[in-house]
Amino acid sequence: MSRYLMIDFGSTFTKLTAVDTELEDIIGTASHFTTVATDITIGYENALKKLFEKTGEIKFDKIIACSSAAGGLKMAAIGLVDELTVEAAKRVCLGAGAKVDLAFSHHLTKKNIQQILDKKIDIILLSGGTDGGNSECVLYNEKMLADNHIDIPVIYAGNKDCQDEIMEIAQDGGLNEYVCENVMPKLNVLNIPSAREKIREIFLKNIIEAKGIKKIEREIDEVIFPTPEAVLKASELLSKGYMHESGLGELVLVDIGGATTDMYSLCSASAKRSDVIIKGLEEPYAKRTVEGDLGMRYSALGVLNALTKEEIRTINLDENVDMEKELTYRHEHVDNIPTDEHELHIDRIIGQICVDKAMERHVGKMEELYTPMGMVYNQYGKDLSKIRYVIGTGGVLVRNADPYQILKKVEYTPKRPLELRPDCPEYLLDADYILAAMGLLSVIDPLLALRIMKKHLKPIEKTTK
Amino acid sequence: MKTIVIGVIGADVHAVGNKIIEYVLKNEGYNVVNVGVLSSQEDFINAAIETNADLILVSSLYGQGEIDCRGMRDKCIEAGIGDIPMFVGGNIVVGKQNFDEVRERFYKMGFNKVYAPGTPIEKTLPDIKEVLGE
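In order, the protein sequences belong to chains A and B. Residues in the first sequence are numbered consecutively from 1, following our numbering. Residues in the second sequence are numbered consecutively from 1001, following our numbering.
Wrong hints could be hidden among the right ones.
Derived DSSO-like pairs (lysine-lysine); straight-line CA-CA distance at most 30 Å [stated by the list, open to error]:
{"no.": "1", "chain 1": "A", "residue 1": "K186", "chain 2": "B", "residue 2": "K1113"}
{"no.": "2", "chain 1": "A", "residue 1": "K49", "chain 2": "A", "residue 2": "K62"}
{"no.": "3", "chain 1": "A", "residue 1": "K111", "chain 2": "B", "residue 2": "K1075"}
Cβ-Cβ distance ranges computed for the label pairs, FRET-style [what the hints assert, rightly or not]:
{"no.": "4", "chain 1": "B", "residue 1": "V1024", "chain 2": "A", "residue 2": "N206", "range": "19 to 25 Å"}
{"no.": "5", "chain 1": "B", "residue 1": "I1067", "chain 2": "A", "residue 2": "T314", "range": "53 to 59 Å"}
{"no.": "6", "chain 1": "A", "residue 1": "E368", "chain 2": "B", "residue 2": "D1074", "range": "21 to 27 Å"}
Since the hints were derived computationally from the structure, they do not count as laboratory data. Ideal placement from N, C-alpha and C gives every residue a C-beta, glycine not left out.
Construct the complete structure from the given sequences, taking the supplied hints into account.
Spelled out as structure tokens, the structure:
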């Protein structure tokens, strides 16, 4: 019998999940405010005290953690053409659990360099050119970084042919340079794993140290992932299954947070219908997108900006509210927790908008083309229409008595028929916030993590409003 | 190894000739980047930029090639690859027209070589080798 403790150092809360391998279940959870600004161990120890009050003192066999504290992992993705290597670089960053705060195409300018410094970027991912393709652009950009003595780790993931020249420029300029495989070795072929490993390596070596998270490793075994990567790992396991234990099949996961809305889709990127031709960069099985402007509190103003005037008016009329006032209020009171019916109602509306807009940006789309052979369709992105499950997580869903009304906004709508949204999926709720913890556990014991997830994700009833 | 971007432009789904072109050029020892059918001008140009291509070879079989190809050279200039050679071939205009006039129109659009309907890819190889300096 073993007992493991998983910790998620979130931007707001430090969440603890204790697991017993013999019971094959969670034996306790607890949380406390994250205290990364002072000393991260204080929040951890308080949460641990709370946990022990419920479970009694436990000696853990292993304690591992993931972290998105102190702003998470902020990256700049640099490529050549927007639709190709810039997009590939962005997907690698997102797949590694980072936020893409900046994305640049073609030659970097002095202004771009200044933006990298101003945004306090943690890691730069430099790509451009297929293997054997364009090298002029990456060499120029590397030189720009070197000439400006950028003191940020740089991962080179571009055209393999000029790796040596890149390293020379980096050494001459004193850059902290890492080299990995090209993110787009051939046209429209996406290569995530090598660059993702490099990002994690740097995250563990430099970033958590710089953010004051490293000192927790005196108390625990180690911090092993950025939190979103742990969630991605958990959802991939849940989708694919492990050994004889079957998974749930193709699924979508929505995480509505205070600052961002994360959308994960776990499904093959192949065409699901015979009348489309797939276009654009290859899509990964496990795809994550992050909407930094869509969130319940910190990003409430972003939600407002994402809506057209017409949409705001329609909501105000339909729901009898003043969205502009309500969203501004929540942006100014980020610690607001709904206490009455009205506030729950407003949170429900914001949640619906976040889900709808995040899905609109994540989901694949068709483009109609009229040809002499009749109508044909180009498909860009992933077709999610046959998805079986949609899983929701985040405070707004857990607190709401009727989370289906929020989550159903992922579904197909005749208003936008060209978006390949899920068509009538089943819904599950991560009411105990276990996904990140199970992603961590999957490193030690995937089978156990899978079983616990299948047990704890609760079906959501489809209500009529 | 020289790189050639090939594909079928516009709302055209003729896939067979495209595969034959890819097969022949690969056998000739070229690095062939195939953007496939239903490809926009941007698909060709973006592929050429990323792969540092030496030649763009545009096919069109459904008669609307003239509309689909207009402005492509200007976009190449905008994208910084204004000097890249561009060849076009297939049934590139509507109906049966005097091909000398057709060829002239495509030269004006910035194409370097223009091939009449039914030209096998093998016949274009000397031109390809010449423009690639082989």
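Quick rundown of the hints versus the structure:
1. K186/A / K1113/B: 27 Å, holds
2. K49/A / K62/A: 17 Å, holds
3. K111/A / K1075/B: Status holds; Cα separation ~26 Å.
4. V1024/B / N206/A: 19 to 25 Å: 51 Å, violated
5. I1067/B / T314/A: 53 to 59 Å: With a Cβ separation near 39 Å, I1067/B and T314/A fall outside 53 to 59 Å, so the hint is violated.
6. E368/A / D1074/B: 21 to 27 Å: 26 Å, holds
The earlier numbered hints that this structure contradicts are 4, 5.
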